[in-house]
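Residue numbers (the working numbering), protein chains in the order written: chain X, 1 to 403; chain G, 404 to 599.
Be aware that a few hints might be false.
[To be verified] Residues from chain X that face chain G, not an exhaustive set, calculated with beta carbons under 7 Å:
1) Thr138
2) Ala288
3) Phe290
4) His328
5) Arg331
6) His364
7) Ala368
8) Val397
9) Gly400
10) Leu402
[As the list claims (entries may be wrong)] Computed Cβ-Cβ distance ranges for the label pairs, DEER-style:
11) X:Lys266 with G:Arg559: 43 to 49 Å
12) G:Arg523 with X:Gly329: 43 to 49 Å
13) X:Pro109 with G:Ser598: 35 to 41 Å
Hints are computed from structural coordinates only; laboratory data are not their basis.
Even for Gly, the Cβ is constructed at its ideal location relative to N, Cα and C.
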Amino acid sequence: MHRQKEMRGGCPCAPPLPLTCPVIVTNPHPMATAPLPAASQVLDLPEPLSLDGGQRLENVRVAFETYGALNADRSNAILVCHALTGDQYLASPHPITGKPGWWLRMVGPGKPIDTDRYFVICANVLGSCLGTTGPASTAPDGAPWAMRFPVITIRDMVRGHVALLDALGIARLHAVVGGSMGGMQALSLAANFPDRTDAALVIASTARHSAQNIAFHEVGRQAIMADPKWQDGDYYGHGKGPDKGLAVARMAAHITYLSEEGMHEKFGRNLQDRPDGTPGAKTFGFDADFQVESYLRHQGLSFTDRFDANSYLYITRAMDYFDLAEEHGGRLADAFAASKARFCLVSFDTDWLYPTAESRGIAHALNAAGCRVSFMELSAPFGHDSFLLDVPALDRVVRGFLG
Amino acid sequence: MSGALRPDLAIIADRVGAGARVLDVGCGDGVLLGALHDKGCDARGLELDAHNVAECVARGLSVIQGDADADLAFYPDGSFDYAILSQTLQTTKRPDKVLDELLRVGRRAFVSFPNFGHWRVRASLLWNGRMPVTRLLPVAWYETPNIHHLTINDFRAHVEDRGIVVEGAWFLTGDQLTGASAANFRAEHAVFLISR
């Protein structure tokens with residue numbers, strides 16, 4: 001709320017924004033486990049969103065957060081795109097978990113994405129469940145969309161972002177930034193809306209989902225769909241949703257976010273102490289004897305408090321469909337033919353989900369297209385999740401690239 | 404010569420005009436790239452060491468992590484006015500192919516290398532019978548990255564064989580330019596400007 005005031009204060013010439021703001025959105029339909037209240041600014045898109053699947057989605061709402069102030073010529077905006085299970089709470093507390101913003105180490109006053117200099121925007125993606133329209137939202141007939149929600153793509157998410165930029169009066173971003181699925185959105189925005197950004201920073205990401213990526217997602221989706229409480233996706237308002245399936249999906253995915261070395265370092269074969277203080281031991285049963293089991297179970301369960309199972313299905317599908325070269329006639333370089341932006345691609349040596357070869361391939365394609373591109377593989381022990389964690393070299397690169 | 408640059412880099416920086424498109428292969432921490440960028444060139448780099456790449460990007464330069472042997476192939480023909488390979492030729496697996504690639508992606512190339520024909524190197528081999536460790540070749544034989552030592556005369560013969568034109572040549576001893584006469588004996592270091 002005060003952020004909105006800052007934005008107007010920073011830009012006295014700005015026309016009134018067509019935003020419903022401030023607002024507390026409380027989704028009327030219970031999610032997988034609980035209603036998700038979202039204290040965000042929201043924009044109701046004035047036009048329907050044309051989707052890659054051929055539909056036109058009406059009454060799309062975009063929930064977003066902003067940090068810092070937009071300057072007078074509106075040239076200092078940075079759009080940060082979040083990952084699969086991320087949200088718009090980039091640098092402010094999550095309304096459900098109360099946890100600090102997911103990229104607080106990177107975004108804030110004096111930080112690499114410096115909110116003293118930049119107006120930073122983060123929007124909940126289309127299909128998600130923290131205020132932006134998704135399968136848990138209400139369809140025109142008054143019932144939740146559930147599985148009637150159209151299958152969306154990364155480019156559809158980006159169309160939502162661009163509509164938000166239009167509403168904010170931002171013709172051109174200083175940069176679009178994202179890790180993992182956020183990186184896919186950054187690439188898609190730079191490729192499909194080349195006039196809308198001066199730079200794209202893509203971290204631990206890929207230009208297309210590999211068979212292995214799709215396979216892991218399919219395991220997650222099948223876990224959700226195998227939960228009897230999923231009820232063909234029509235679980236809203238019928239008590240608890242498919243918590244168990246969603247938790248298993250999260251557990252499987254979480255393994256892909258870590259490195260073997262990191263897991264060994266953190267857990268090894270250590271046994272888990274019992275809640276009553278009994279030292280850990282092999283129980284010759286199927287309790288969470290090992291710390292790694294206990295950790296994954298906790299990750300799975302806590303995830304269901306903040307995420308909608310159907311959103312998980314839709315967003316993983318969007319990621320699986322992502323193939324930027326395919327969208328542009330099969331040659332990745334052609335995707336960037338019209339781009340004048342600067343690009344920076346960063347991979348991590350322990351990330352086996354989107355390994356370095358993916359980023360290097362994008363860099364080669366950008367070279368072939370004549371774009372200004374930087375690429376590097378940083379060393380960090382945390383696997384794919386390195387982009388969220390303490391990697392000082394990444395901080396320097398982000399700060400330097402954004403200039 | 405440009406102020407703080409190493410002499411061989413200053414020779415190159417002074418001869419690349421503002422607005423030129425330049426690829427510095429093996430750009431290190433981006434000293435030359437930065438100087439070229441500052442004078443208005445579209446300067447890009449290729450560098451093996453991730454830490455160096457990160458330093459370059461932190462300085463606002465466009466640099467790709469990669470190596471001369473493998474990654475030049477991904478640049479289109481004639482993408483650059485100049486390709487630069489400073490103090491790197493002798494570390495590549497196939498210097499001949501790297502030179503071909505430099506002159507494919509660049510209309511011209513600056514190539515600099517330490518001269519293995521310098522009298523100190525010859526003396527070290529002749530009198531001590533040991534692989535030389537000198538100011539420009541400071542690393543012992545077993546850990547040197549320099550796997551393809553060459554002399555100025557080797558370079559001249561090679562480019563002549565390949566029909567490559569030498570547009571300019573500069574020879575250095577210490578930080579001083581020296582004449583072309585007996586350069587293969589007297590110069591520690593050479594910079595060539597070549598084209599097809």
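Status of each hint after checking the structure:
no., hint, in the structure
1, Thr138, "violated, 45 Å"
2, Ala288, "violated, 38 Å"
3, Phe290, "violated, 34 Å"
4, His328, "violated, 17 Å"
5, Arg331, "violated, 13 Å"
6, His364, "holds, 4 Å"
7, Ala368, "holds, 6 Å"
8, Val397, "holds, 5 Å"
9, Gly400, "holds, 3 Å"
10, Leu402, "violated, 9 Å"
11, X:Lys266 with G:Arg559: 43 to 49 Å, "violated, 59 Å"
12, G:Arg523 with X:Gly329: 43 to 49 Å, "violated, 58 Å"
13, X:Pro109 with G:Ser598: 35 to 41 Å, "violated, 51 Å"
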